[in-house]
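2 protein chains.
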Amino acid sequence: MEYHISACVQNLKPSAIREIFKYAADPAVISLSAGNPAPEAFPAKEIAEISADLLANRPIDALQYSVTEGYPALRNRLAAYMKENHNVGREQDDIIITSGAQQVMSLAAKTLCDPGDVVICEAPSFIGSLNSFRSFNVRLRGVPMENDGMDIAALEQALKEEPRARFIYTIPNFQNPSGVTMSMEKRRAVYDLAKKYGVLILEDNPYGDIRFSGEPVPCIKSLDEDGLVLYAGTFSKVISPGIRVGYAIGPKPVLQKMIVCKQGQDVHTNIWSQIVCDEFMARYDYNAHLERLRKLYREKAAYTMDLMDRYLAPEITYNRIEGGLFLWCRLPDGVDMPAFCKESVLRKVCVVPGNSFLTDENDPCQSFRINYSTPTNDQLARGIEILGNLAKEVCR
Amino acid sequence: MEYHISACVQNLKPSAIREIFKYAADPAVISLSAGNPAPEAFPAKEIAEISADLLANRPIDALQYSVTEGYPALRNRLAAYMKENHNVGREQDDIIITSGAQQVMSLAAKTLCDPGDVVICEAPSFIGSLNSFRSFNVRLRGVPMENDGMDIAALEQALKEEPRARFIYTIPNFQNPSGVTMSMEKRRAVYDLAKKYGVLILEDNPYGDIRFSGEPVPCIKSLDEDGLVLYAGTFSKVISPGIRVGYAIGPKPVLQKMIVCKQGQDVHTNIWSQIVCDEFMARYDYNAHLERLRKLYREKAAYTMDLMDRYLAPEITYNRIEGGLFLWCRLPDGVDMPAFCKESVLRKVCVVPGNSFLTDENDPCQSFRINYSTPTNDQLARGIEILGNLAKEVCR
Numbered sequence: 000m001e002y003h004i005s006a007c008v009q010n011l012k013p014s015a016i017r018e019i020f021k022y023a024a025d026p027a028v029i030s031l032s033a034g035n036p037a038p039e040a041f042p043a044k045e046i047a048e049i050s051a052d053l054l055a056n057r058p059i060d061a062l063q064y065s066v067t068e069g070y071p072a073l074r075n076r077l078a079a080y081m082k083e084n085h086n087v088g089r090e091q092d093d094i095i096i097t098s099g100a101q102q103v104m105s106l107a108a109k110t111l112c113d114p115g116d117v118v119i120c121e122a123p124s125f126i127g128s129l130n131s132f133r134s135f136n137v138r139l140r141g142v143p144m145e146n147d148g149m150d151i152a153a154l155e156q157a158l159k160e161e162p163r164a165r166f167i168y169t170i171p172n173f174q175n176p177s178g179v180t181m182s183m184e185k186r187r188a189v190y191d192l193a194k195k196y197g198v199l200i201l202e203d204n205p206y207g208d209i210r211f212s213g214e215p216v217p218c219i220k221s222l223d224e225d226g227l228v229l230y231a232g233t234f235s236k237v238i239s240p241g242i243r244v245g246y247a248i249g250p251k252p253v254l255q256k257m258i259v260c261k262q263g264q265d266v267h268t269n270i271w272s273q274i275v276c277d278e279f280m281a282r283y284d285y286n287a288h289l290e291r292l293r294k295l296y297r298e299k300a301a302y303t304m305d306l307m308d309r310y311l312a313p314e315i316t317y318n319r320i321e322g323g324l325f326l327w328c329r330l331p332d333g334v335d336m337p338a339f340c341k342e343s344v345l346r347k348v349c350v351v352p353g354n355s356f357l358t359d360e361n362d363p364c365q366s367f368r369i370n371y372s373t374p375t376n377d378q379l380a381r382g383i384e385i386l387g388n389l390a391k392e393v394c395r
Numbered sequence: 000m001e002y003h004i005s006a007c008v009q010n011l012k013p014s015a016i017r018e019i020f021k022y023a024a025d026p027a028v029i030s031l032s033a034g035n036p037a038p039e040a041f042p043a044k045e046i047a048e049i050s051a052d053l054l055a056n057r058p059i060d061a062l063q064y065s066v067t068e069g070y071p072a073l074r075n076r077l078a079a080y081m082k083e084n085h086n087v088g089r090e091q092d093d094i095i096i097t098s099g100a101q102q103v104m105s106l107a108a109k110t111l112c113d114p115g116d117v118v119i120c121e122a123p124s125f126i127g128s129l130n131s132f133r134s135f136n137v138r139l140r141g142v143p144m145e146n147d148g149m150d151i152a153a154l155e156q157a158l159k160e161e162p163r164a165r166f167i168y169t170i171p172n173f174q175n176p177s178g179v180t181m182s183m184e185k186r187r188a189v190y191d192l193a194k195k196y197g198v199l200i201l202e203d204n205p206y207g208d209i210r211f212s213g214e215p216v217p218c219i220k221s222l223d224e225d226g227l228v229l230y231a232g233t234f235s236k237v238i239s240p241g242i243r244v245g246y247a248i249g250p251k252p253v254l255q256k257m258i259v260c261k262q263g264q265d266v267h268t269n270i271w272s273q274i275v276c277d278e279f280m281a282r283y284d285y286n287a288h289l290e291r292l293r294k295l296y297r298e299k300a301a302y303t304m305d306l307m308d309r310y311l312a313p314e315i316t317y318n319r320i321e322g323g324l325f326l327w328c329r330l331p332d333g334v335d336m337p338a339f340c341k342e343s344v345l346r347k348v349c350v351v352p353g354n355s356f357l358t359d360e361n362d363p364c365q366s367f368r369i370n371y372s373t374p375t376n377d378q379l380a381r382g383i384e385i386l387g388n389l390a391k392e393v394c395r
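Residue numbers (numbering that gives the first Met the number 0), protein chains in the order written: chain A, 0 to 395; chain B, 0 to 395.
Hints should not be assumed to be uniformly reliable.
Treat identical chains as interchangeable: a pair holds within one or across any two.
[As the list claims (entries may be wrong)] Derived lysine-lysine pairs resembling DSBU-like cross-links, with alpha carbons at most 35 Å apart:
hint: 1; residue 1: 159; residue 2: 347
hint: 2; residue 1: 44; residue 2: 12
hint: 3; residue 1: 159; residue 2: 12
hint: 4; residue 1: 251; residue 2: 347
hint: 5; residue 1: 341; residue 2: 391
hint: 6; residue 1: 82; residue 2: 12
hint: 7; residue 1: 82; residue 2: 251
hint: 8; residue 1: 294; residue 2: 82
hint: 9; residue 1: 194; residue 2: 12
hint: 10; residue 1: 195; residue 2: 294
hint: 11; residue 1: 251; residue 2: 159
hint: 12; residue 1: 12; residue 2: 341
hint: 13; residue 1: 12; residue 2: 294
hint: 14; residue 1: 341; residue 2: 251
hint: 15; residue 1: 251; residue 2: 12
Calculated from the structure, these hints are not laboratory results.
Kindly generate the complete structure, drawing on both the sequences and the hints.
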């Protein structure tokens, strides 16, 4: 049987990272390629307590069908939390619960983009989001990243040249994969350009709560008096990614359409896990929990950057990070980056080649991505030493 | 701000049933309009036991990111179970876990249909699936239902007239909303026509396990030697709908594309709940559990049909059911069905007008749908008596 596959889907490829995971699944391989929270970060005891109570005292609430827009108590609690802590949300906004922040990407593209429309994104950017956008047959227009966020002149150029641009996709804090945080000045500039050109902003903020040094920069959404910003949040990095609970805060007319699309995608997000997230915020000291995570990641990132300074310098350079899960490493010009990554796999260390994160994978790229949160300290030490030795060999 | 909404989504409306739920939310209203499993049907104690063990002994498995195609142990167990019990699955097939069976509808339409393509469906059919298909800008072509399933001549006519038909959507067991089960003869005829015209079949079987009388009819997928059938199953009616765990069994090339689409939609289905489903099948007597559900629904359906015979006859007619959750009721010709449903809401009883389930809501329809599984016995008695009194008044 010859299957007719839709034009949107025909050319979709599984994420390159997934292909790399096949190597990473070999227990002898040290994987620095994942994006998983540290196993020590999960509040497993608290989740077990909440869940036991819930199933003992109100099991039907946790197990019966629920409403598409999400568990009302969680929506209210999150809306209040985001308003109070981040000045996110205005009268014109609403909040919905989604199956991870990934679903926000899918619902936003489905709601806002026709085939042939354009999404403007950071280059490099998170491949999971880029692939989700691609699945709606949109064209991606990349804007180069600088050390303080998007190149604003290039962004304006893109907005001028792309009348079918529907939204600007940005991860302003500890961007995946570059680790870059956008400056306040650039956040204002992006917002002003979006307003000038009548284009929305999709602000994806999975790592914002994991700032372990430096000063927090306000969300772009906190500037939003005009209904221009759709904000995507998630519990994946602060409670658990396996339970797939995220949320979107944005203009009501857009969210209303996203709700209708969500109904057709999965009816509603796992309600048991939604209640667990709500009770976790209600019963425990949420800010103390975030502080505990920050301490964990601060120590692990410092340990990793010490190793990198010792083993990777001077051949491989990187920008120090103040939060998030990723380090973006650069090989000297002239070194064949894809060949370097392939050889590192043969030496049992897995990293992600940087071109995977570009709008066009064939563009030149000298960088690769390291994740420090998933491996053990021992794996980090061995893995980074192997990468350093390889770099010294190829640069000799 | 004027928002650009995509052509696919612009004309989507929330399900009419959801609008009715607004009335049904009034505690004074008796809702016969839901589609929820009976609250007594949930194995809450077993779920609590499994979950406590899981979070105590291997919390990281339940809380960390997982793979898009689903928890391997559950995939293997379900594949074996479906093969052994239903002869479903061949060498050419694979199985993936989805966020409820609803996600199978969304992934199938996304993978198989371009805008303007056609999905052939039963008329009436499940509105949640129809709306999911509509959200991909496909055209729905309805085939009238008879007491033993689709009108086969009308199906062939549709296949002849619709060269862009991509799949035939059917709920062969205890169809929602009609309660009809397709005969074995018609299942073979549908399969043969699909083969003749080179069109796939999407077989949606949420209620098959809830047969409480009569003889089971084999799945269409059990006939599938040609890779023509995509089968959608779910734990929603047999374990819990709130945890959103479903699955698809179908030809590998189609499932591979669906996996890529799923990655962009929600990365993977809640892994905690996937493991709970797997352990439930492994640790407990699954068939004894299904028998307990059948007994529960057998008694409740019999109780309901007794009430209907007493209060609704002769004005309102219906077909007796052998399984599933719904009863399809017909008003005499000449009675204004929508007006009847509106008046019943004013009298505090909520049913679903039958035209909600048609491919064109404006088509004439004399039927409405009753659900018997969600209300209490007392609510059923009061609600059906009110409907009967109303029918007698309007038919006077």
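Comparing the hints with the structure gives:
1. 159 - 347: neither (46 Å within a copy, 57 Å between copies)
2. 44 - 12: neither (38 Å within a copy, 42 Å between copies)
3. 159 - 12: Close inside one copy (30 Å) and across copies (34 Å); limit 35 Å.
4. 251 - 347: between (49 Å within a copy, 31 Å between copies)
5. 341 - 391: Cα proximity of residue 341 and residue 391: one copy only (16 Å, versus 78 Å across).
6. 82 - 12: between (39 Å within a copy, 30 Å between copies)
7. 82 - 251: Within one copy only: 16 Å inside, 46 Å across.
8. 294 - 82: within (25 Å within a copy, 50 Å between copies)
9. 194 - 12: both (34 Å within a copy, 29 Å between copies)
10. 195 - 294: neither (41 Å within a copy, 64 Å between copies)
11. 251 - 159: within (27 Å within a copy, 44 Å between copies)
12. 12 - 341: within (20 Å within a copy, 50 Å between copies)
13. 12 - 294: Neither way: residue 12 and residue 294 sit 38 Å apart in one copy and 47 Å across, limit 35 Å.
14. 341 - 251: between (47 Å within a copy, 29 Å between copies)
15. 251 - 12: Answer is both; intra-copy 33 Å and inter-copy 15 Å each pass.
Hints 1, 2, 10 and 13 from the earlier list are contradicted by this structure; the remaining hints agree with it.
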